[in-house]
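Put together the whole structure using the sequences plus the hints.
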Amino acid sequence: MIRALRVLPPLLFASVLLTGCGTEKAGSGSPASQAELDARVKALGMAPELVYVTEAPGFTLAQQSVGVQGDDGFSAAYTDSTGAVIHLYTDHPRNAGHHKYQVAKKDCVVWLEGEGGASDAALGKALRGVHRPSAAELDTLLPTPDPAFTDSEPVQRGDLPSNGDGAPDNSVPTPGL
276 MIRALRVLPP LLFASVLLTG CGTEKAGSGS PASQAELDAR VKALGMAPEL VYVTEAPGFT
336 LAQQSVGVQG DDGFSAAYTD STGAVIHLYT DHPRNAGHHK YQVAKKDCVV WLEGEGGASD
396 AALGKALRGV HRPSAAELDT LLPTPDPAFT DSEPVQRGDL PSNGDGAPDN SVPTPGL
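If you're matching positions, the sequence shown starts at 276 in my numbering and goes up one per residue.
No lab work stands behind these hints, which were simulated from the structure alone. Among these hints, one or two may not hold up.
[Claimed, not checked] Here are the simulated DSS-like cross-link-like pairs (lysine-lysine), alpha carbons at most 30 Å apart as the crow flies:
no. : residue 1 : residue 2
1   : Lys-400   : Lys-381
2   : Lys-317   : Lys-380
3   : Lys-317   : Lys-375
[To be verified] Quick list of simulated restraints, FRET-style, between CB atoms:
no. : residue 1 : residue 2 : range
4   : Pro-443   : Pro-418   : 26 to 36 Å
5   : Gly-333   : Glu-311   : 30 to 40 Å
6   : Lys-381   : Ala-410   : 15 to 25 Å
7   : Asp-395   : Asp-346   : 25 to 35 Å
8   : Leu-319   : Thr-449   : 37 to 47 Å
9   : Gly-392   : Glu-311   : 36 to 46 Å
10  : Asp-395   : Ala-310   : 33 to 43 Å
11  : Ser-437   : Arg-369   : 47 to 57 Å
Keep in mind the model is a prediction, meaning the values are calculated, not measured. Where is the CB? At the ideal position from N, CA and C, for every residue including glycine.
So, in structure tokens, the structure goes:
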């Protein structure tokens, strides 16, 4: 059994792992206002006007892939059952460069890159499917905020000393002293 595992190509493992990814729904269950959604986008370090999504037949958003591109752009990955991945990126036009699969939007450039066998046809369809997310899409796209977290109180670490400059004591005892 161990020999069989050694000879399987690493891409097979990646495709098996990716087939289970991206099916989670993160929405809070109740509709959020546009102001709340924009605040969630900004809290993640992204500019709301740079958030775009796509629709590509057979591809599903990998929820855990949603993040920042560059300073305040957006990135997400979409996977299919074969392990192919379409990466979607956005940024301001001055930072985006030029890519084979890109489209200019209002104050934004959106581009796609494929890996793991993502075909040119799939990338072309995904590029034609690029759009601003509806409020429902954005609510599903963004991680659900933790109601216990607020910016009003600092996180209590528990490992900081009560005296001195407040930095953790990382000293190592010297043997024999």
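Structure-based check of all given hints:
| no. | hint | result |
| --- | --- | --- |
| 1 | Lys-400 to Lys-381 | holds, 20 Å |
| 2 | Lys-317 to Lys-380 | holds, 20 Å |
| 3 | Lys-317 to Lys-375 | holds, 29 Å |
| 4 | Pro-443 to Pro-418: 26 to 36 Å | holds, 29 Å |
| 5 | Gly-333 to Glu-311: 30 to 40 Å | holds, 32 Å |
| 6 | Lys-381 to Ala-410: 15 to 25 Å | holds, 18 Å |
| 7 | Asp-395 to Asp-346: 25 to 35 Å | holds, 30 Å |
| 8 | Leu-319 to Thr-449: 37 to 47 Å | holds, 45 Å |
| 9 | Gly-392 to Glu-311: 36 to 46 Å | holds, 38 Å |
| 10 | Asp-395 to Ala-310: 33 to 43 Å | holds, 40 Å |
| 11 | Ser-437 to Arg-369: 47 to 57 Å | holds, 48 Å |
The earlier numbered hints are all upheld by this structure, with none contradicted.
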